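Chemist: Model the placement of chain B on the given structure of chain A, informed by the hints.
As given, the protein sequences belong to chains A and B, one line each in that order. Note that the working numbering gives residue 61 to position 61 of the first sequence, counting from 1, and the numbers run on in steps of one. If you count the second sequence from 1, you need to add 1000 to reach the working numbering.
The hints are simulated quantities; they were obtained by calculation from the structure and are not laboratory data. Errors might be hidden in some of the hints.
Stated by the list, open to error - Distance windows between CB atoms, simulated:
| # | chain 1 | residue 1 | chain 2 | residue 2 | range |
| --- | --- | --- | --- | --- | --- |
| 1 | B | K1122 | A | Q73 | 49 to 59 Å |
| 2 | A | Q121 | B | F1200 | 47 to 57 Å |
| 3 | B | S1199 | A | S48 | 54 to 64 Å |
| 4 | B | S1114 | A | V124 | 18 to 28 Å |
| 5 | A | E42 | B | R1129 | 27 to 37 Å |
| 6 | A | S26 | B | K1002 | 28 to 38 Å |
| 7 | A | R72 | B | A1158 | 49 to 59 Å |
| 8 | B | F1200 | A | D86 | 20 to 30 Å |
| 9 | B | K1197 | A | S26 | 52 to 62 Å |
| 10 | B | S1192 | A | T76 | 58 to 68 Å |
To be verified - 25 Å max Cα-Cα, derived DMTMM-like pairs, lysine to aspartate or glutamate:
| # | chain 1 | residue 1 | chain 2 | residue 2 |
| --- | --- | --- | --- | --- |
| 11 | A | K19 | B | D1107 |
| 12 | B | K1122 | B | D1096 |
| 13 | A | K19 | A | E29 |
| 14 | A | K19 | B | D1010 |
| 15 | B | K1212 | B | D1132 |
| 16 | B | K1043 | B | E1026 |
| 17 | B | K1212 | B | D1086 |
| 18 | B | K1212 | B | D1088 |
| 19 | B | K1212 | B | D1096 |
| 20 | B | K1197 | B | D1132 |
| 21 | A | K19 | A | D50 |
| 22 | B | K1122 | B | E1026 |
| 23 | A | K45 | A | D10 |
| 24 | A | K43 | A | E93 |
| 25 | B | K1197 | B | D1096 |
| 26 | B | K1024 | B | D1010 |
| 27 | B | K1024 | A | E33 |
| 28 | B | K1185 | B | E1175 |
| 29 | B | K1122 | B | E1029 |
| 30 | A | K19 | B | D1036 |
| 31 | A | K45 | A | E96 |
| 32 | B | K1197 | B | E1160 |
| 33 | A | K19 | B | E1026 |
| 34 | B | K1212 | A | D86 |
| 35 | B | K1024 | A | E29 |
| 36 | A | K43 | B | D1107 |
| 37 | A | K19 | B | E1023 |
| 38 | A | K19 | B | E1033 |
| 39 | B | K1002 | B | E1029 |
| 40 | A | K43 | A | E117 |
None of the values given here were measured: they were computed from a predicted structure. Even for Gly, the Cβ is constructed at its ideal location relative to N, Cα and C.
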Amino acid sequence: MTIRILLVDDHPIVRQGLKTLLEGHSDWEVIGEASDGAEAVEKAKDLSPDVMVLDVTMPRMNGLDACRVLRRQYPTLEILFVTQHDSPQMMREALEAGARGYVVKSNAARDLLAAVEAVSQHRVFTALHSRTVG
Amino acid sequence: MKLRILLADDHEIVRRGLRALLEKHESWEVCGEASDGREAVEKALQLNPDVIIVDVGMPNLNGLDTTRQLLQHDPHFKVIVLTITDSDQVIREALDAGARGFVLKSDAARDLVSAVEALQNKRMFFTPRVNDLVLAGFLEKGQTVSRNEAPKLPTLTAREREITQLLAEGNSSKEVASLLNLSTKTVETHRSNIMRKLSFHSIRDLVVYAIKNNLIQIELPPSSPKTPAGPTAA
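Same shape as in the complex, but just chain A:
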């Protein structure tokens, strides 16, 4: 079964980079993109993704707030944060907001595929710069 993925980041270049990484996997499909948390919530309604790859710092609605809204409205949607914030505190907040995964952008090329694999199977995957759990 194809895993349907929505990419959310305010930088189109980052979304493009994530897309090139994910599109190599035959069972995954990037079904759409959003550039802020509010757009992510709208697109989740239209597109019904299985996994959402979400940035933290975004305009209009940040990723943490979007995550809380999305997890409440779509309990089966799994959220993976890909963020600049290499911070245990931010990671804790993200998991408390309902995310299943947390990966730092500087290591996204290394960790993203394993993270998407894990969260799509409802497993937790977290990887700060120095510590990976998953």
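Modeler: Using the frame of chain A, we list chain B on its own:
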């Protein structure tokens, strides 16, 4: 012959995105990648690219100092800086460093191709904000010094700037020495000189200085309190 482009950004995800964008252009090729400023300088000297795209906020050696070093090695290098901020200071420093292009990362998907085309045609490319500054005479006249303006901080040498960045990034003097192929004693001497020149008493002062002077760029975490249920209006 294809236009050869070197990419320098510490995030592989960003480099992948830039590569995907640029390689849509049939006559361009990405000839190499670097994940920090030092590697960018080494690779530029090895590969002799036509255009070098440099992120400002890189560790070890930031993009502005990378640009300076590149152009010291070879004034014919053509550099586009990519930055998350277009503050007056970053703009001024990018132009002073010799960059021929200035693109905001958030607008890279829209502007970077135009920037590379401009440099390919021996023109420069800047965001409208930079052009506004030029028109306002900011660059032509230089800074205006008023009686009430605070005195400028002493200027650090290029080596001192490098060491300031590395210390502000959390490296010890020993680690800095290893990165720069210097003795620890030499780094300690530079460190003392830096602290004395800037009248600083702690590493914290140095970190604040490094952030204010774009030696390191940081993205702040969201500061707003938790929003109530439902999307926030724009």
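Chemist: Taking the hints in turn, state whether each one holds.
Modeler: Hint check:
1. Our hint of 49 to 59 Å for B/K1122 and A/Q73 holds, since their Cβ atoms are close to 53 Å apart.
2. Checked against the given bound of 47 to 57 Å, the beta carbons of A/Q121 and B/F1200, roughly 51 Å apart, stay inside it.
3. The hinted window of 54 to 64 Å between B/S1199 and A/S48 holds, with their beta carbons roughly 59 Å apart.
4. B/S1114 and A/V124 have their C-beta atoms about 43 Å apart, which leaves the hinted 18 to 28 Å range violated.
5. Restraint check, A/E42 to B/R1129: a C-beta distance of roughly 30 Å satisfies the suggested window 27 to 37 Å.
6. Hint check: A/S26 to B/K1002, Cβ distance near 31 Å, so the stated range 28 to 38 Å holds.
7. At about 53 Å, the CB distance of A/R72 to B/A1158 agrees with the hint of 49 to 59 Å.
8. Hint check: B/F1200 to A/D86, Cβ distance near 26 Å, so the stated range 20 to 30 Å holds.
9. A hinted range of 52 to 62 Å holds for the C-beta pair B/K1197 and A/S26, which are about 58 Å apart.
10. The supplied range of 58 to 68 Å is met by B/S1192 and A/T76, whose beta-carbon atoms lie about 59 Å from each other.
11. Between the alpha carbons of A/K19 and B/D1107 the distance comes to roughly 18 Å, so the proposed pair stays at or under 25 Å and holds.
12. At roughly 18 Å between alpha-carbon atoms, B/K1122 and B/D1096 fall within 25 Å of each other, so this suggested pair holds.
13. With a CA separation close to 9 Å, the supplied pair A/K19 and A/E29 stays within the 25 Å bound.
14. Our distance criterion of 25 Å between C-alpha atoms is met by A/K19 and B/D1010, whose separation comes to about 18 Å.
15. For a cut-off of 25 Å, the pair hint linking B/K1212 to B/D1132 stands: about 22 Å separates their Cα positions.
16. Distance restraint check for B/K1043 and B/E1026: the Cα-Cα separation of roughly 23 Å lies within the 25 Å cut-off, and the hinted pair is therefore satisfied.
17. Taking the CA atoms of B/K1212 and B/D1086, the gap is near 13 Å; set against the 25 Å cutoff, the hint holds.
18. Straight-line distance between C-alpha atoms of B/K1212 and B/D1088 comes to about 12 Å, which keeps the hinted pair within the 25 Å bound.
19. Between B/K1212 and B/D1096 the CA atoms are separated by roughly 17 Å; this keeps the pair inside 25 Å, and the hint holds.
20. Simply put, B/K1197 and B/D1132 have alpha-carbon atoms about 34 Å apart, too far for the 25 Å limit, and the pair is violated.
21. For the suggested pair A/K19 and A/D50, the alpha carbons sit about 16 Å apart, so the restraint of at most 25 Å is met.
22. Taken as a hint, the B/K1122 and B/E1026 pair is honoured in the structure, with Cα atoms around 19 Å apart against an allowance of 25 Å.
23. A threshold of 25 Å between alpha carbons decides the hint, and for A/K45 with A/D10 the separation of about 19 Å falls inside it, so the pair holds.
24. Annotation: proposed proximity of A/K43 to A/E93 holds, straight-line Cα distance about 23 Å (limit 25 Å).
25. In summary, the hint linking B/K1197 to B/D1096 is supported, as the alpha carbons are separated by about 22 Å, within the 25 Å threshold.
26. A distance of roughly 22 Å separates the Cα atoms of B/K1024 and B/D1010; the hinted pair therefore holds under the 25 Å criterion.
27. Taking the CA atoms of B/K1024 and A/E33, the gap is near 20 Å; set against the 25 Å cutoff, the hint holds.
28. A C-alpha spacing of about 12 Å is found between B/K1185 and B/E1175, which places the hinted pair at or below 25 Å, so the restraint holds.
29. For the proposed pair B/K1122 and B/E1029, the alpha carbon gap of about 18 Å is at most 25 Å, so the pair holds.
30. Taken as a hint, the A/K19 and B/D1036 pair is honoured in the structure, with Cα atoms around 23 Å apart against an allowance of 25 Å.
31. Between A/K45 and A/E96 the alpha-carbon distance is near 22 Å, which keeps this suggested pair within the 25 Å criterion.
32. Between B/K1197 and B/E1160 the alpha-carbon distance is near 10 Å, which keeps this suggested pair within the 25 Å criterion.
33. At most 25 Å may separate the alpha-carbon atoms for a hinted pair to count; A/K19 and B/E1026 meet this at roughly 21 Å.
34. Note on B/K1212 and A/D86: the hinted pairing holds, with a Cα-Cα distance of about 21 Å set against a maximum of 25 Å.
35. Of the pairs offered as hints, the one joining B/K1024 and A/E29 holds, with about 21 Å between alpha carbons and a cut-off of 25 Å not exceeded.
36. Proximity of A/K43 to B/D1107 is assessed by CA-CA distance (about 22 Å); at most 25 Å being required, the pair is judged to hold.
37. Restraint check for A/K19 and B/E1023: the C-alpha separation of about 15 Å stays at or below 25 Å, so the hint holds.
38. With a C-alpha separation of about 19 Å, the suggested pairing of A/K19 with B/E1033 holds against the 25 Å cut-off.
39. Straight-line distance between C-alpha atoms of B/K1002 and B/E1029 comes to about 6 Å, which keeps the hinted pair within the 25 Å bound.
40. Restraint check: the Cα-Cα separation between A/K43 and A/E117 comes to about 22 Å, which is no more than 25 Å; the hinted pair holds.
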